[in-house]
Structure formats: structure tokens, C-alpha cells
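Take the sequences, apply the hints, and build the full model.
Chains as they are written, first to last, in the numbering used here: chain A, 1 to 109; chain B, 110 to 291.
Warning: the hint list may mix true and false statements.
To be verified - Subject to a maximum C-alpha distance of 30 angstroms in a straight line, what follows is the list of computed DSS-like cross-link-like pairs (lysine-lysine):
no., chain 1, residue 1, chain 2, residue 2
1, A, K37, A, K71
2, A, K49, B, K125
3, B, K201, A, K11
Hints were generated in silico from the structure; no laboratory data involved.
Since the structure is predicted, the reported quantities are computational estimates derived from the model, not experimental observations.
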Amino acid sequence: MKNKPEIKALKTVPREKAFYFFTSIGNYTGESASSLKEFMEKINEVNVKSLEFHLYRGDFEKWVAEVLEDKELAERICKLRQSNYLGNILREKLYVIVSKRFKELTELC
Amino acid sequence: MRVKNNSFALDPIDIKILELLQEDARQTYTELGKRLGIAHSTVYDRIKRMESYGIIKKYTALVDAEKAGAKSVTAIMTIYTDPKESEKVAEKLCKIPQILEVYTSLSEELQVIAKVMAENQENLHEFIATTVAPLPGVLRIRTSIITKKFKETHPLMFNDPKKLTLTNNENNKKRVKSESEK
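In C-alpha cells form, the structure reads like this:
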């Protein structure tokens with residue numbers, strides 16, 4: 001049971017594997033997320049420029065796939081990237097996707 | 110030079126030798142001796158003594174990376190830190206080969222300033238995100254990528270700032286400017 005991908009995606013990762021929010025190359029906001037829950041919460045808190053920066057570089061889907069090992073959520077974020085949203089609309093859409101997935105996973109557990 | 114309790118007090122001749130070596134470390138003992146008006150054997154003894162006490166740490170070459178064909182990105186990171194952790198952050202940064210220089214600075218917030226080199230912008234970002242941002246005590250980071258170098262000097266350690274004078278070139282520029290203003 002412990003190896004189920006759904007459970008893995010809800011784990012808290014060590015700080016060296018956390019997601020660090022930047023607004024541009026080398027400019028770290030001071031915000032980070034060590035779990036999917038924290039990531040979901042930070043979406044509503046960080047500068048929207050940071051969301052735009054990471055989404056269009058593919059950083060979110062990479063972290064979700066490689067660190068949280070949730071391929072399903074990574075694909076959903078990838079689709080969002082293709083829709084070219086910006087600003088608070090992007091924030092809302094991303095939050096809906098991540099919170100929906102978080103709910104699905106917690107219900108599965 | 111005076112040696113006391115295994116420590117070392119430099120006299121004006123030692124300081125002069127160091128200044129000349131910082132100008133050009135490939136000068137011979139004879140050349141240095143001539144410039145200072147002392148015997149080359151005296152220069153030799155003093156240099157060996159300063160080496161053995163670690164005052165002269167090493168002799169190295171200043172390489173112009175651009176001319177040497179190295180394609181790289183250099184950036185200055187200003188790392189805002191928790192005051193309790195700033196020393197540790199600076200010490201950890203010192204151990205990383207990509208980090209060229211590390212300083213601490215006290216302004217409104219405690220900062221660690223570091224010069225970093227990476228292969229390209231993407232590697233720079235990856236390095237900061239995976240190595241610097243996760244260090245305990247790092248609050249946020251501002252990074253400025255250097256686009257063009259206008260001046261780089263290696264000041265002599267014992268230069269008295271009061272003694273610093275404008276070079277001929279700078280004097281000329283100043284004179285031209287003042288004449289044009291007339």
C-alpha cells in the first residue's frame with residue numbers, strides 16, 4: 001500500500017527537494033513548498049509573476065512528476081501551460097487543477 | 110620584520126615587497142632588490158619567511174576567461190539571510206566551486222553577497238534553485254547577471270586610499286571635460 005502513487009504524491013519532501021518559487025532567473029521569492037498541500041496553498045500566496053515564470057518553463061510539471069511522482073497532475077499542468085493564461089486567471093486555473101487533484105488523492109487514501 | 114609568539118609584524122620593506130609582487134609576481138629577486146635598493150638575498154629571505162608564515166599564500170595567474178574562449182555567465186547574488194544563519198550560509202557558499210567570491214554586508218537586512226559563475230543562464234538558475242535557495246537561513250535571493258565588464262582591478266592590500274591618484278588617462282578625460290564646459 002505504501003508504494004501507491006497516490007500516497008507518494010501526498011508526502012512531504014526534504015528541503016533540498018522542495019519547490020522554490022522564483023520570479024525570474026536567480027530571483028528567489030523566499031517561498032517554497034515541500035508537499036502538494038503546501039504547493040496548493042502557495043499558489044494563492046506567491047507573486048503571480050512567479051507562477052508565470054515557472055509554468056511556462058515547465059518547472060511545475062517537472063517537479064510534480066519527478067519529486068511528487070504524480071504523472072497525472074503533471075499532465076494536467078502541462079495542458080494548462082498550453083492555454084497561455086497569464087496573471088490572476090492563471091493563478092485561479094492552476095489552483096483549481098491542483099486543489100482538485102489534492103482532493104482526489106486525499107479521498108483515495 | 111619582527112617575529113613574536115609565532116606571529117609576524119611586517120616592516121615597510123616587507124610591505125613594499127608585497128606591493129611589487131602583487132603588481133607582478135614573476136619579477137626576479139634581483140629585479141625586486143634593484144627596485145627597492147636592497148640585496149637580492151634580502152629579498153629572497155623575506156619572501157621565503159612570508160611564504161612560511163602564510164602571508165604569501167600562493168602565486169597564481171589572472172586569466173581573462175573571455176579571451177580564453179570560456180563561454181560562461183557570471184552573476185552577483187544578494188542573499189538575504191536570517192541573521193543567526195548568515196555566517197553559516199557564507200561558509201557553506203565558500204565551499205562551492207562555482208562561487209568565486211563571498212562577502213557579508215550589513216544594510217537594513219543582513220546580506221551575503223556572492224559572485225557566481227555558470228555555464229549558461231539555465232545552469233545558473235538550476236544551481237541557485239537547487240543549491241543556494243535550500244540552504245537553511247536563506248530568506249530570499251536577488252541575482253544580477255553581469256552583461257559587460259567595464260573595469261576589474263586587483264588593488265594592493267596596503268594601498269592607502271589617500272594616496273590613490275587619478276591615472277594619466279583619467280586626468281586627461283577630466284581636463285577635456287572641464288575645457289569643454291568652458
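Here is what the structure says about each hint:
Using a Cα cut-off of 30 angstroms, the hinted pair A:K37 and A:K71 holds, with the two alpha carbons roughly 17 angstroms apart. Under the criterion of a C-alpha separation no larger than 30 angstroms, the hint pairing A:K49 with B:K125 is inconsistent with the structure, at around 54 angstroms. For the hint pairing B:K201 with A:K11, the CA-to-CA distance comes to about 28 angstroms; that is within 30 angstroms, so the pair holds.
This entry does not satisfy hint 2, going by the numbered hints stated previously; all others are met.
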